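Engineer: Sequence:
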Amino acid sequence: MNAIGDPAELLARKDRPAGEDPATYTLRRTGRKPVRFEGWQLIEATGADRAKSVWHELNVYRTVDNTFVIELTTRRRLPEEQDKACVKSFPDLAGAAVWLENYRPADDVPVPPGLTADAALPWAVLQAVQLRQCISRVVLDYQTLLSEVFAALDLTDPPDDHAAPG
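So the sequence shown is numbered by this note's numbering: it starts at 1231 and just counts up by one.
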């Protein structure tokens, strides 16, 4: 993860974070027009292991209007699989955090070709087990990425005495 400057300082100053002039960003979105705004990049983070079949990249920006833009990109190792870019805007970081926590990285894992109802049972079971392992790795990697970003942005929750582990 790469924090661009000190995220706490970048968040605290409403005028010009760290005295820097804003930059113009144009962020591509899959299947939609790009988003263009002026602001500052707060965080640039990448999932832990690019050798995996799927990983996520996360960028957090603050606009000159004091809104927050989240750029979440799903990267895929295989050239025949398309990357997916999503850009969302939020009035505050708390709303962005809720959206990121509710994002389902398991949906980004492709089902192996040929895994159909008429596939041979032993092969289908093997593929299903491998798919489940891949999903578990992608979800854990995404959760780790979020934890690092939230810590860098000092986004916290109060303790919950009734929370179950996990």
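For the record, the hints were derived by calculation from the structure and aren't laboratory data.
Any given hint might turn out to be false.
[What the hints assert, rightly or not] Each computed DSS-like pair below joins lysine-lysine, with the alpha-carbon atoms no more than 30 angstroms apart:
1. 1263 to 1314
2. 1263 to 1282
3. 1282 to 1314
4. 1263 to 1318
5. 1282 to 1318
[Claimed, not checked] Pair by pair, the computed Cβ-Cβ distance ranges are:
6. 1331 to 1266: 43 to 49 angstroms
7. 1310 to 1266: 26 to 32 angstroms
8. 1348 to 1373: 33 to 39 angstroms
9. 1258 to 1307: 41 to 47 angstroms
Fair warning: this is a prediction, and the values are worked out from it, not measured in the lab.
For each residue, glycine too, the CB sits at the ideal point set by N, CA and C.
Engineer: The structure should be examined with respect to each hint, and the outcome stated for every one.
Structural biologist: Verification of the hints:
{"no.": "1", "hint": "1263 to 1314", "in the structure": "holds (14 angstroms)"}
{"no.": "2", "hint": "1263 to 1282", "in the structure": "holds (29 angstroms)"}
{"no.": "3", "hint": "1282 to 1314", "in the structure": "holds (16 angstroms)"}
{"no.": "4", "hint": "1263 to 1318", "in the structure": "holds (13 angstroms)"}
{"no.": "5", "hint": "1282 to 1318", "in the structure": "holds (25 angstroms)"}
{"no.": "6", "hint": "1331 to 1266: 43 to 49 angstroms", "in the structure": "violated (27 angstroms)"}
{"no.": "7", "hint": "1310 to 1266: 26 to 32 angstroms", "in the structure": "holds (30 angstroms)"}
{"no.": "8", "hint": "1348 to 1373: 33 to 39 angstroms", "in the structure": "holds (35 angstroms)"}
{"no.": "9", "hint": "1258 to 1307: 41 to 47 angstroms", "in the structure": "violated (20 angstroms)"}
Hints 6, 9 from the list above are not met by this structure, while the remaining hints are.
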